[in-house]
Amino acid sequence: MIELEGLTKRYGEKVAVNNLTFSVRPGIVTGFLGPNGAGKSTTMRMILGLDHPTAGDVRIDGRHYDQLKDPLTYIGALLDAKAVHGGRSAFNHLLCLAQGNGIPTSRVHEVLDTVGLTAVARKKAKGFSLGMGQRLGIAGALLGDPRILMFDEPVNGLDPEGIHWIRTLMKSLAAQGRTVFVSSHLMSEMALTAEHLVVIGQGRLLADTTMADFIRQNSRSYVRIRTPQRERLLDVLHEAGITVVEAGGEALEVEGGKAEPIGELASRHGIVLHELSPQQASLEEAFMRLTAESVEYHAHSETASVPRDWGADWKGA
Amino acid sequence: MAAVQVIRSEWTKIRSVASTVWTLSLAVVVTVALGMLISALSRSQFDRMPARERLNFDPTVVSFAGMTLGQLAMIVFGVLVVSNEYSTGMIRTSLAAVPQRATFLFSKIAVAAALALAVGMATSFAAFFLGQSLLGSHRTEIGDPGVLRAVIGGGLYMTLIAMFSMGVASMLRSPMLSLGILMPFFFLISNILGNVDATKKIGRFLPDQAGSRIMQVVPRVDDDTPYGPWGGLGIMGLWVVAALTGGYILLKKRDA
Amino acid sequence: MIEAVGLTKRYGDKTAVYNLSFQVRPGAVTGFLGPNGSGKSTTMRMILGLDNPTSGTVTIGGYPYRKLPNAPRQVGALLDAKAVHGGRHARNHLLCLAQLSGIPERRVDEVLGVVGLQDVAKKRSKGFSLGMGQRLGIAAALLGDPQVLLFDEPVNGLDPEGILWVRNLMKALASEGRTVFVSSHLMSEMALTADHLIVIGRGQLLADMSVKDFISANSADFARVRTPDTEPQLREKLTSALTEAGGQVLPEQDGALRVMGLPLPRISDLAHDADVRLWELSPHQASLEEAYMRMTQGAVDYRSSIDQRAGLQQPLPPGAQPPMPVPGQGQPGWYAPPPPQQGGQPFTPPQGAAPAGPYGGPAAPGPYAPGAPAGGPNPYATPGNQAPAAPAAESSPQPSAAPVAAPAQTAAPADLTKPEDAR
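From first to last, the protein sequence lines stand for chains G, L and S. Reading the first sequence from the start, the letters are residues 39 to 355 in the working numbering. Reading the second sequence from the start, the letters are residues 1115 to 1370 in the working numbering. Reading the third sequence from the start, the letters are residues 11 to 433 in the working numbering.
Since the hints were made in silico from the structure, they are not lab data. Please note: incorrect hints may appear among the correct ones.
[What the hints assert, rightly or not] Pairs of lysine-lysine residues, derived as DSS-like cross-links and limited to a Cα-Cα distance of at most 25 Å, are as follows:
hint, chain 1, residue 1, chain 2, residue 2
1, G, Lys120, G, Lys162
2, S, Lys181, S, Lys222
3, G, Lys52, S, Lys132
4, G, Lys107, L, Lys1367
5, G, Lys161, S, Lys24
6, G, Lys107, L, Lys1366
7, S, Lys133, G, Lys120
8, G, Lys296, S, Lys247
9, S, Lys133, G, Lys52
10, G, Lys52, L, Lys1367
11, G, Lys164, S, Lys24
12, G, Lys52, L, Lys1366
13, G, Lys120, L, Lys1367
14, G, Lys120, L, Lys1366
15, G, Lys120, G, Lys161
16, G, Lys120, G, Lys164
17, S, Lys24, G, Lys162
[As the list claims (entries may be wrong)] According to the in silico footprint, chain G covers these stretches of chain S (three or more CB under 8 Å from chain G):
hint, stretch
18, 167–174
19, 278–285
[Said to hold, decoys possible] Pairwise CB distance ranges (calculated):
hint, chain 1, residue 1, chain 2, residue 2, range
20, L, Leu1291, G, Thr92, 22 to 32 Å
21, S, Glu115, G, Asp95, 49 to 59 Å
22, S, Asp279, G, Met39, 47 to 57 Å
23, G, Ala250, S, Pro293, 16 to 26 Å
24, S, Pro261, G, Glu277, 34 to 44 Å
25, S, Pro261, G, Pro299, 15 to 25 Å
26, S, Asn62, L, Ala1216, 56 to 66 Å
If you're wondering where the values come from, they're calculated on a predicted model, not measured in any experiment. All C-beta atoms, glycine included, are put in the ideal place defined by N, C-alpha and C.
Pulled out of the complex, with its shape left as it was, chain G reads as follows (with noise of 0.2 Å):
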């Protein structure tokens, strides 16, 4: 459990995260989410107590975490993949994490083996590609087996079968009833991975609620109905009140509308259905809806649509 109470930080006039409260419970993986700049990273690092907040508190199931004995044992965070001495080998470099917090040398054989790094455990970790950056990264997290983990941006430079095995193994940390706290861009993949939703933006709270409440609240949801008898359903929906659009081809949708009842009134009326389908917006509208206001570089998506203009008159020449 980690328990966030009224957190600010600010630099000089900036103020990088603002009155966050909130916790991160156990047993489900919570995402993390905000736009460059929003304070993730700052907001973690507090949590690991590397930054010092200019207010608030922020306590690891109800300790400070430089009141932790031991804090590779309650909880282990991947930060950054590059955080690791380059000359040294990721054999030691497991070790001497582990030898600060009296974990045993058994156990760095078991992480590396975990993460598949056995065969080049004794090479320097500067010769590491990114994603293998990144499984050393997470090694160093699972070493004290705790209770508690936090990822930022774990699936960076992972390949495929990696992104589905750093998938699997959240989701399995978090069904053993450990709390998984995880930050990550990439929308697709936290919609599959998390259940619950944290959101800032501009270094405040927009959100603290379930992945399934964060989409609905935040996007449009219908459902989509077809139907060989139309005209009937038609008729049906508009006597019991139900607004209906009519869609592309056969389709028919209903806003905002559940698919319960309406399978129940097609039902009763004898009506066969042949789609009723609920149709929910991706993680990503719903992230984007709600985080509009608070990106620090803008694109200009205008652009990228009329870049055939781009220097014309030089193209010639």
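Assemble the complex: chain G is given as a structure, and chains L and S must be docked to it using the hints.
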């Protein structure tokens, strides 16, 4: 958090990087080899020296002549031990593993200082005996008054130089910046300040000038230094304490 | 148009790319997929003339890259976002490139605007985040307004807004008739961006087809059916009716059914006949990731992911062990990630699923089932049953005495030691 655990961890850290081996072996080789060279040269040149220099001739100091360069390798060692954590980003991993920053910093410094002391002592004794063996009739013996103190002092001097560098590096964090300040300071500026009459009185309170006093056995003619050999080492010790305190305060206050 | 014919690259004994022939056509976004070490980067480097092929050719618009007249204006590439002199301003970096190929200075400011870096144009690029570096790399690729664009992992380090922007940019570039060739590890992103796919594994071509065909060819479409939650007997009734009619029915984790092999109207009729009310009846296509995994892992039965999820969703009481996957039912459980080294085996199946593969069980790992070591430890090892005695338990108050199971014991190393080139 048991400090013993952290010390073990720091020992693993220090022995698992190549820079430890090459900086320390460079310190040994440069100090000893240069000391031997100067000793051999002094022996052949002794008769041609002016009388005043002959009077001041201190065979122990001559065999330690390599320390001027050898200490630079010790400085690099001290700086890299600390600033490598910052330049590689390892500091975040380290502080997440050991959040008690005092334990972290002082375990690191204890391990590195112990290693520097072992290497420094070995260097000092090797430089002395090999240097003396090349001085022929001008040699001195380890049993002579003040000589053992000077040789042990040589080892302590190298250790304190490394520790001072660790303190400075933990204040400055960047290896380039730390080396860019420490190297010219000890190699040039301190020497200049110590040799120009106007600044001599201040110059001799600088860490290296004060500390190196312990390696002198033969008192200089018209020596008006206001401190003795141990007093000098004590002044150097105060510099080290100041640098480490500064480093600790900044580490404690700063975001990683 | 990029055209590779019999492209082969050997490094000593190692064959990185073998006899690769494909075309990347203009007007579409072509995705380039493959596991780590499958030869994607080598291929891209050969396209750009950075590496020489051992045999075969690759041409852009009919010319090898090095013979291309005014190449920077015809081809733009983002290979490695960090291939920038860190001490140089973003704008100066682009200006150098522009001057090299006679592109006017004004264009530099244009592309900086396009990628949203105009405000940091005068900052040194070493202070850039990964995402900003990526934008700078994209700006460089766009600089010459080229007809052919190559991107290697373009969304790396970008935030959601940046990812959306890159996706739209690539689609827009393709719709203008340009050739856009993108490699990525993010299947979900590829599914949204690419029209066409080229998949390689161990340096050889595995697939060259449209995204739609790829998914259909490598996975089954299915229907999701939900019956009233209040009456579980209806679900049983429907399951047996559907199975009788030849459908394949699997339970989903939220209580719905996944039905394969029956069209939607047929399911509807069967439900009607069985007098079962439906709360949901929706068509689904498998994800690109599923299709990709299925292709690159050989014929491993992918149903396992559903079963597994169902198992893992059960909250375990403290002290309980996670369920043991049943051998033969193809539950992957914990499987080690593929070896991270160059030229790794692309066909690593999930550990637990190895026996389900058609190429031999763990006792005799064939070339396609290298995951399990011969006679090695139990490949079905789950966390828990072989977890370490909770480390430091005596020295720290562990929050639980449960076998706080580490994802221990996986058996990846077998393929790490194998010769990489089985050919």
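We went through each hint and held it up to the structure:
1. Lys120/G / Lys162/G: holds (13 Å)
2. Lys181/S / Lys222/S: The hint holds at about 16 Å.
3. Lys52/G / Lys132/S: With Cα atoms ~21 Å apart, Lys52/G and Lys132/S stay inside 25 Å; holds.
4. Lys107/G / Lys1367/L: holds (21 Å)
5. Lys161/G / Lys24/S: Roughly 20 Å between the alpha carbons, so the hint for Lys161/G and Lys24/S holds.
6. Lys107/G / Lys1366/L: holds (18 Å)
7. Lys133/S / Lys120/G: The hint holds at about 23 Å.
8. Lys296/G / Lys247/S: holds (24 Å)
9. Lys133/S / Lys52/G: At roughly 19 Å apart (the allowed maximum being 25 Å), Lys52/G and Lys133/S satisfy the hint.
10. Lys52/G / Lys1367/L: holds (19 Å)
11. Lys164/G / Lys24/S: holds (23 Å)
12. Lys52/G / Lys1366/L: The hint holds at about 22 Å.
13. Lys120/G / Lys1367/L: Satisfied, since the Cα-Cα distance of roughly 24 Å is no more than 25 Å.
14. Lys120/G / Lys1366/L: Satisfied, since the Cα-Cα distance of roughly 23 Å is no more than 25 Å.
15. Lys120/G / Lys161/G: Given that 25 Å is the threshold and the Cα spacing comes to 15 Å, the pair holds.
16. Lys120/G / Lys164/G: Holds, at about 9 Å.
17. Lys24/S / Lys162/G: Holds. Lys24/S to Lys162/G sits at ~22 Å (cutoff 25 Å).
18. 167–174: Satisfied; 8 residues make the cut.
19. 278–285: holds (count 3)
20. Leu1291/L / Thr92/G: 22 to 32 Å: With a Cβ separation near 27 Å, Leu1291/L and Thr92/G satisfy 22 to 32 Å, so the hint holds.
21. Glu115/S / Asp95/G: 49 to 59 Å: Given a distance of about 52 Å, which is inside 49 to 59 Å, the answer is holds.
22. Asp279/S / Met39/G: 47 to 57 Å: holds (51 Å)
23. Ala250/G / Pro293/S: 16 to 26 Å: holds (21 Å)
24. Pro261/S / Glu277/G: 34 to 44 Å: holds (35 Å)
25. Pro261/S / Pro299/G: 15 to 25 Å: Taking Cβ atoms as reference, Pro261/S and Pro299/G lie about 24 Å apart, which means the hint holds.
26. Asn62/S / Ala1216/L: 56 to 66 Å: Holds, at about 57 Å.
Comparing the model with each earlier hint shows no violations; every hint is respected.
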